[in-house]
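2 protein chains.
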Amino acid sequence: MRDGPQGPGGRASRSRRRGEPAKGRASRRRRRGEPAKRAARVIFHDVYTNVPPEEIERFVRSQELGRLVTVAADGTPHLGLYPFTYDGAAFEIHLVRSDEQIADLGVRPRCMFEVDEVLATIPSYWVDPENAIMATAYHRTVMFDCEATVSGDAAELAAQQMRLLARYQPEGGFRPVTPDDPLYHGAIHHITAVRLDVRSRRAKFKLAQNRPLDARAKIVDELRKRGRPNDERAAAALTWTIEQEAKR
Amino acid sequence: MRDGPQGPGGRASRSRRRGEPAKGRASRRRRRGEPAKRAARVIFHDVYTNVPPEEIERFVRSQELGRLVTVAADGTPHLGLYPFTYDGAAFEIHLVRSDEQIADLGVRPRCMFEVDEVLATIPSYWVDPENAIMATAYHRTVMFDCEATVSGDAAELAAQQMRLLARYQPEGGFRPVTPDDPLYHGAIHHITAVRLDVRSRRAKFKLAQNRPLDARAKIVDELRKRGRPNDERAAAALTWTIEQEAKR
Chain A
1 MRDGPQGPGG
11 RASRSRRRGE
21 PAKGRASRRR
31 RRGEPAKRAA
41 RVIFHDVYTN
51 VPPEEIERFV
61 RSQELGRLVT
71 VAADGTPHLG
81 LYPFTYDGAA
91 FEIHLVRSDE
101 QIADLGVRPR
111 CMFEVDEVLA
121 TIPSYWVDPE
131 NAIMATAYHR
141 TVMFDCEATV
151 SGDAAELAAQ
161 QMRLLARYQP
171 EGGFRPVTPD
181 DPLYHGAIHH
191 ITAVRLDVRS
201 RRAKFKLAQN
211 RPLDARAKIV
221 DELRKRGRPN
231 DERAAAALTW
241 TIEQEAKR
Chain B
1 MRDGPQGPGG
11 RASRSRRRGE
21 PAKGRASRRR
31 RRGEPAKRAA
41 RVIFHDVYTN
51 VPPEEIERFV
61 RSQELGRLVT
71 VAADGTPHLG
81 LYPFTYDGAA
91 FEIHLVRSDE
101 QIADLGVRPR
111 CMFEVDEVLA
121 TIPSYWVDPE
131 NAIMATAYHR
141 TVMFDCEATV
151 SGDAAELAAQ
161 QMRLLARYQP
171 EGGFRPVTPD
181 DPLYHGAIHH
191 ITAVRLDVRS
201 RRAKFKLAQN
211 RPLDARAKIV
221 DELRKRGRPN
231 DERAAAALTW
241 TIEQEAKR
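Chains A and B, in that order, give the protein sequences.
With this note's numbering, the residue at position 64 of the first sequence is 64, and numbering never jumps.
With this note's numbering, the residue at position 86 of the second sequence is 86, and numbering never jumps.
Pulled out of the complex, with its shape left as it was, chain A reads as follows (with noise of 0.2 Å):
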């Protein structure tokens, strides 16, 4: 099983794609004593975070809930999963109040928000006929690196809790949240507003992108055969990614 870049293949395939043959443009930068036009940074591969920024957030908006990880004072990682509203700008969520994570946010207001959907794992046989590297698992996933602003304001936590309702519950079918209303005197009082302000964001799409576009047809092909629970799901981002390179 492989997590990561695949060497040369994506490179290789794009070039082929453009009618050079594989890695004639890298060895031509090369011959000119150019560098290499991308340092390599191997988690966040261009393959894979070379996602138009439209699409990241069609992405978020469309998960139902998302991850914050706080930091604790002695540098322990927590986590936990919340429903959210996200207006491009900045994160809401709300926590309860005696929640480890809202400690660590009063010690250490960065933090991260993540989205991620899991898509499938693949055996290698798919790709190739013995190399066992070929195996591998795609993923759509988003981090923010968030500041958080935490608020006990009663107004502010009723105004809040609208905000999260237009987007889960926009049909209504509620007594709208007020902070003087008796039926939500005490919940308000036992939670507490988080606002994570985005001041910066890494998306990795692993997505077969590192594959040639045949390759990538014929794992749709298997996917769909197989038909596990969200392998449809994988096939769709998978043909995103071919129609993404047709476009270019």
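Where hints are given, some of them may not hold.
Any copy will do: because identical chains look the same in the list, a pair fits if it lies in one copy or spans two.
[To be verified] Think about it this way: if two alpha-carbon atoms lie no more than 20 Å apart in a straight line, the pair counts; the simulated SDA-like pairs of lysine to any residue are:
id, residue 1, residue 2
1, Lys204, Glu64
2, Lys225, Asp181
3, Lys218, Arg163
4, Lys218, Arg108
5, Lys247, Ala158
6, Lys247, Arg110
7, Lys204, Arg97
8, Lys204, Ile102
9, Lys225, Ala246
10, Lys225, Gly152
11, Lys225, Tyr168
12, Lys204, Thr76
13, Lys204, Pro170
14, Lys204, Asp46
15, Lys247, His189
16, Lys204, Ser98
17, Lys204, Asp153
18, Lys218, Asn131
If you are wondering where the hints come from, they were derived from the structure by calculation, not from laboratory data.
Starting from the structure of chain A, add chain B where the hints point.
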């Protein structure tokens, strides 16, 4: 929307099931001058964390990818999704050598390995006609506090690849991974084996255990009627909690 414990609901329903008036056993305990049975730990409230160990094991082994959470020297958290093996005492994953998470583990071998399954968000009116706070989210999450050991040894890497393949590709269809096979030489020198020894574990199965059995049964019906992609899985998970209480 409310994430967290829901007050006395869960306890009361359990007492009622045993033919006692709501809160009967708790108040009897108070009359006898005994402390509450367990201290309140909010995010890991008993009602969500009291999951049989064999069910936690089953869930962890059913997941295809897990999340490694590491903390950099400057306190920044990092996260990556990986295929894994798990033997009940340790996880095994592999990363690219130059990955920032390998640098993190060099500084701070303590880390988290997490698996989760997002099941559903539900509207409040499935539970109450007025109270918006009843809107919630269901998920299963298990977090492992781990100590990492990193190895770049070729023989160890090859052996680890074989263990990963035994899990994900038991049907074979590849040439055995050995440190000397030229087919694998490059890849093996590109990756690092990580072993994560489990020090402790916390589970949060948030599956409406805070609701009386009849309310849970109604949510199960509504999930099946709604029929989003994960709703059947969510309905099965809530049904499991109903069956668990019947066993007690």
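To see whether the hints hold, each was checked on the structure:
Proximity of Lys204 to Glu64 under the C-alpha cut-off of 20 Å is found in both arrangements, the shortest distances being 19 Å within a copy and 18 Å between copies. In this assembly of identical chains, the alpha carbons of Lys225 and Asp181 never lie at most 20 Å apart, being 54 Å within a copy and 32 Å across copies at closest. With identical chains, the CA atoms of Lys218 and Arg163 are never at most 20 Å apart, being 43 Å at best within one copy and 26 Å at best between copies. With identical chains, the CA atoms of Lys218 and Arg108 are never at most 20 Å apart, being 47 Å at best within one copy and 41 Å at best between copies.
Proximity of Lys247 to Ala158 under the C-alpha cut-off of 20 Å is found in neither arrangement, the shortest distances being 45 Å within a copy and 40 Å between copies. Neither within a single protomer nor between protomers do Lys247 and Arg110 lie at most 20 Å apart by alpha-carbon distance, with minima of 38 Å and 44 Å respectively. For the homomeric pair Lys204 and Arg97, the shortest alpha-carbon distance between copies (18 Å) is at most 20 Å, but the shortest distance inside one copy (32 Å) is not. Only between protomers do Lys204 and Ile102 lie at most 20 Å apart by alpha-carbon distance; the minimum there is 18 Å, versus 28 Å within a single protomer.
Proximity of Lys225 to Ala246 under the C-alpha cut-off of 20 Å is found in neither arrangement, the shortest distances being 24 Å within a copy and 40 Å between copies. Taking identical chains as interchangeable, the C-alpha atoms of Lys225 and Gly152 are never at most 20 Å apart, the minima being 52 Å within one chain and 37 Å between chains. When the C-alpha separation of Lys225 and Tyr168 is checked against a cutoff of 20 Å, the pair qualifies only between copies, where the shortest distance is 18 Å, while the shortest distance within a copy is 34 Å. In this homomeric assembly, Lys204 and Thr76 come within 20 Å of each other (Cα to Cα) only across copies, at 18 Å, whereas the closest approach inside a single copy is 25 Å.
When the C-alpha separation of Lys204 and Pro170 is checked against a cutoff of 20 Å, the pair qualifies neither within a copy, at 31 Å, nor between copies, at 28 Å. Only within a single protomer do Lys204 and Asp46 lie at most 20 Å apart by alpha-carbon distance; the minimum there is 9 Å, versus 36 Å between protomers. In this assembly of identical chains, Lys247 and His189 lie within 20 Å of each other by CA distance neither inside one copy nor across copies; the values are 52 Å within and 36 Å between. Only between protomers do Lys204 and Ser98 lie at most 20 Å apart by alpha-carbon distance; the minimum there is 16 Å, versus 33 Å within a single protomer.
Taking the shortest Cα distances, Lys204 and Asp153 never come within 20 Å of each other, neither inside one copy (36 Å) nor across copies (28 Å). In this assembly of identical chains, the alpha carbons of Lys218 and Asn131 lie at most 20 Å apart only when taken from the same copy (16 Å versus 50 Å across copies).
Checked against the numbered hints above, the structure breaks hints 2, 3, 4, 5, 6, 9, 10, 13, 15, 17 and satisfies the rest.
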